[in-house]
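**Q** Here is what each chain is made of, one letter per residue.
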Amino acid sequence: MMDLSSISPILLLASIMAASTPILLAAIGELVVERAGVLNLGVEGMMITGAICGFAIAVNTGSPALGFLVAALGGAGLSLLFALLTQVALANQVASGLALTLFGLGLSALLGQGYVGIKPPPTPRLDIPVLGDIPFLGPVLFSHDLMVYLALALVTAVWAGLKYSRAGLVLRAVGENHDAAHALGYKVVRVRVLAIAFGGACAGLGGAYLSLVRVPQWTEGMTAGAGWIALALVVFASWKAGRVLLGAWLFGGVSVLQLNLQAAGVALPVEYLSMSPYLITILVLVIMSADRSRAPASLARIFHASQ
Amino acid sequence: MEKRPQPSRRWLYLSPLLAVVVTMLAGGALFAALGKNPVEAIATIFWEPLFGEFAFYYRPQLLVKGAPLVLIAIGLSLGFRAGVWNIGAEGQYIIGALAGAGVGLAFFPLDAWFIFPLMVIAGALGGLAWGMIPGLLKLRFGTNEILVSLMLVYVAEKLLAAMALGPMKNPEGMGFPGSRNLQQYPSAHNADLIADTGMHWGVVAALIAVIFAYILLGRHVLGYQIRLTGQAPRAARFAGVNPARLALFCLGISGALAGLAGMFEVSGPAGQVSIDFNVGYGFTAIIVAFLGRLHPFGIALAGLLMALTYIGGEIAQSNLGLPSAAIQMFQGMLLFFLLAVDLLTNYRLRLTPRPETA
Amino acid sequence: MTAPLLAISGLTKAYPGVVANDSVSFEIAGGEVHALLGENGAGKSTLVKMIYGLVKPDSGTMTLHGAPFAPGEPRAARAAGVAMVFQHFSLFDALSVAENIALGMESPPPLRDLSRRIRDVSETYGLPLDPHRTVGALSAGERQRVEILRCLLQNPRLLIMDEPTSVLTPQEVTILFQTLRKLAAEGVSILYISHKLEEIRALCDRATILRQGRNVATCNPRETTAREMAQLMVGASLDVTARPARQLGATALDITGLSLASPNRFGTALKNLHFTLAEGEILGIGGVAGNGQDELLAALSGELRSAPGAIRLKGRPVGALGPAPRRRLGLLTAPEERLGHAAAPDMSLTENALMTGAEREKLLARGFIRWPAAQDFAERIITRFDVRTPGPGTAARALSGGNLQKFVIGREVLQRPEVLVVNQPTWGVDAAAAVAIRQALLDLAADGAAILCISQDLDELMEIADRFGALNEGRLSDIRPTHALTLQEIGLMMGGAHGMEVAHA
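Protein chains in written order, with the working numbering: chain A, 1 to 307; chain B, 1 to 358; chain C, 1 to 505.
You may find that some hints are simply not true.
Unchecked claim - Now the in silico label distances, taken between C-beta atoms and shown as ranges:
#1 C:Arg265 <-> A:Lys187: 19 to 29 angstroms
#2 A:Lys187 <-> C:Ser59: 23 to 33 angstroms
#3 A:Ala160 <-> C:Gly187: 57 to 67 angstroms
#4 C:Trp371 <-> B:Leu14: 17 to 27 angstroms
#5 C:Gln178 <-> A:Leu152: 53 to 63 angstroms
#6 A:Ala160 <-> C:Thr124: 33 to 43 angstroms
#7 B:Val39 <-> C:Arg75: 49 to 59 angstroms
#8 A:Ala160 <-> C:Asn220: 55 to 65 angstroms
#9 C:Gly10 <-> B:Val39: 34 to 44 angstroms
#10 A:Leu152 <-> B:Ser318: 45 to 55 angstroms
#11 A:Leu152 <-> B:Phe297: 46 to 56 angstroms
#12 C:Gln488 <-> A:Lys187: 39 to 49 angstroms
Hint data in this document are derived by calculation from the structure and do not stem from the laboratory.
Where a beta carbon is used, it is the ideal one built from N, C-alpha and C, also for glycine.
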């Protein structure tokens, strides 16, 4: 029988914060990449590579922090392959992104051979004194691990950086009209490679958050489409940083809710409930796609400085 | 580096071969890093299945594994040429299998000639419908077909699990997940047309698809419109192409072909609807399509090559203890190198770079 | 005149297969307005890109203020006091005016201070601009002002202007010239690139003429006739178009109340257009770029659909038909953008011939392509229009601008249209090809076809059109016979100075 009263609103909201972190990290990275005019469909591959890199390092060193660091490096490293293909070899971005995902899935499966079934060292929660003791708000907002706050800080930094900093202006300019940016003397390729690497690092962090905190263990293909949902999130957010946060909470909410409903024994087979994040993603895409006007004008166009 | 005035014909054909060679080298290095003898590993993958001691067993497998890859990749290639990115073939493959098997199971245990043809039609329609979803959403709301088709893969996988555990579960299966085995139901069995050759109806369908695609792309105005839309979408609209309808056509036909592949698989080599029925053909077919240069004959060859790596990979797994993930990565690498060497088709590399590389 | 500000000596730049600049030398004095004159493809763009640091010369030297000058990138050139206004604006549609200007500066002040400075400078030079507006929403003239302001805010010593008047109405040109003269009087040197001879005669102190990458002459444009300069520019006397007598027939095309939203975010909607076009007539539609020209062509080609009765071809409503059925009925079009719109760059000429020729040339048999017939059609275009190419198997992008344009226009002309609509038929085309294309249009009209020629080249329209109208913010002016029009009147039809009167009132 179904027992909805077993769902605690406090725990639900608190776990939304945590559940949204992986896609939030991946999406904010991809947002920067797309604002620079590059479409990297390899988020899933970079995420899962980050997941195994972070997991392996954390298990071997016992330090989740080191794990996250290496996960970021792993994601960035993989993304540089994409950068090489699209910015140097001028390959099609869609195909290259797909290649990155396929390659990343294979690579992670290979790296993860010896890590199936192991438990990672726990990532400590920051039980913030005083704030954490506030009823309701305390457990919801102030008793998470550092990565949750880091993700939020990253969103803020990206938002402010794009809006107010010189580097952000140049990045937007490159994404808007790469020929004009080139004519003004900006290094289009360099800006894009940096953006791609940043996106890769973020995706790697997101993946590691899955394997080290959310799940926490390593299984092949464990990202299960989270990278693709992150891509959808960028469209949902109309390429705006603040709305990525909103979207991530929405998706986090849906996935937490369906897990809770599963646990509560809703009379629907588990398989149907677990479809919901993907169906919601499609639904959201349908609603948001009416307004494509905000997409960076040079998105996915190949830049080659001729003459 | 400078752009060639025309794409180089020579490199168009040479670059896939070069990519394969480079992948073999890099793969060898990878296998060496895993502590295997690289020459032996490469030989096991590419030589054993064709000319080894047990080649009589492996050669038919080449067709069994190659047929779904070619069938799916032909459909994908039409879309890719038009700039329509259906990457959810895996889902369409699953739905095709479910629809086909569903029809077969519904008639069980009736013995009639029309059951298998009905299953073929159901499989194609199932894949078509699943492929049309991203198409219709794109047409109506402008949603991105890449993301929608991909999301539908996960939905299809969940549906497959639900079916294998629920409505399609074998009532005589003693509680194990999975449907009845269609191989034991002659009216629904996609058996080898000539015993032990691997030559089942799916292979025939793949051959027909290759020839059909070749004629479509080379001779028919629809194929011309597909190519035009992919290369110059604005020019295509100017020429009178309706891009939305064309995208719908591409998604529909690639869905139908993927659905057919799934249907032939479930009623033949796989035999039953099970949770782990899909093994990633829908994604590997993307590599096949590019490796084959989106050309029907190229895809046929690429499909066989990729089938070879599957079979060789299995042999290497059992003989040398090479992890199966290594083969997955090997395939991913192939697409990487292919995209990289593609540069040579459209650009000429200068050996003496000018001071300004811009 | 003072000592030279910029001295160029023996600049050479070669690209594979073509020498863009061959030992070019000239000097620009301080406070001088110096014209750089030449045909399309004469090497003007490459030369200024070298001065601006976008391209490195193979050999040769430059000195600025007597010191060696070899900018490695635009930043270095800007630091040395060289600023440039591009022909195809280097602007970012989705960003604001202030952000666009900040991007062109080395170390821009905070946005609020910058906005104030923009207002100050724009008032000083009579170039009114709101720093907070989104550039994509500006008119072509306003966009140019953004470019100019971006340069002026850096106190340049040398201002390079690449074909600045191609996007302006005659009135706006007058205002631009006032600004440039004022700058010159303040000691700024101006390198003024153009192929419009009368403008150069009105504005410039000296002119350097480029032909096929070499500087063939330097002259004082005020003392040289336009004809002499044209001869120096082209190197031979050009054919001029012959205008055969034409008989106007029945109404071929009737546009009634055509209104259409633009599919592009920064496009222009068409607002209630009315006009008719008779058999044998050439109607010229002028106007500054971005005032609805692309939308008008799309509405006529069938890429955009309208109410059926808004467009009537020989009395038959065709507004709701797509491009293919319109072609079948005899309404043919040739868009402005050659690569990617009128032609597919990577496809062969045969395949490009098939693109619009399928219907009328019967290149299809039950959906199957008759390749031999398509190739034959392509070969006919190549022969009849003197398209210089190895053959019909060549990719479109391998052709020069002029040759590809001859192919595109020829493809439509050879299909014997009832009505032909062309947009910018000679844009970016060398002089000889331009003459050939205009002649083809005149001949076609003489054979009884009705032609609508959309162009930003007023000289061209005056040369071939019987009647003239102008598009301004998606509206069409009255249509009047060309022979009685003055430049002043044309300018007013194009919308005058687009809100500039405020500044000069």
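**Q** The structure should be examined with respect to each hint, and the outcome stated for every one.
**A** Here's how the hints hold up against the structure:
1. Between C:Arg265 and A:Lys187 the Cβ separation comes to about 27 angstroms, which falls inside the hinted range of 19 to 29 angstroms.
2. A C-beta distance of roughly 26 angstroms is found between A:Lys187 and C:Ser59, which places it inside the suggested range of 23 to 33 angstroms.
3. Hint check: A:Ala160 to C:Gly187, Cβ distance near 42 angstroms, so the stated range 57 to 67 angstroms is violated.
4. The hint said 17 to 27 angstroms for the Cβ distance between C:Trp371 and B:Leu14, and at roughly 26 angstroms that hint holds.
5. At roughly 55 angstroms, the beta-carbon separation of C:Gln178 and A:Leu152 lies within the given 53 to 63 angstroms, and the hint holds.
6. Between A:Ala160 and C:Thr124, the C-beta spacing of about 34 angstroms keeps the proposed range 33 to 43 angstroms intact.
7. For B:Val39 paired with C:Arg75, a C-beta distance near 53 angstroms keeps the hint of 49 to 59 angstroms intact.
8. A C-beta distance of roughly 56 angstroms is found between A:Ala160 and C:Asn220, which places it inside the suggested range of 55 to 65 angstroms.
9. The hinted range of 34 to 44 angstroms is not satisfied by C:Gly10 and B:Val39, whose Cβ atoms lie roughly 59 angstroms apart.
10. Restraint check, A:Leu152 to B:Ser318: a C-beta distance of roughly 49 angstroms satisfies the suggested window 45 to 55 angstroms.
11. About 54 angstroms separates the C-beta atoms of A:Leu152 and B:Phe297, a value consistent with the hinted range of 46 to 56 angstroms.
12. Separated by about 47 angstroms at the C-beta atoms, C:Gln488 and A:Lys187 satisfy the suggested range of 39 to 49 angstroms.
Figure legend: structure checked against the earlier numbered hints; hints not met, in rising order: 3 and 9.
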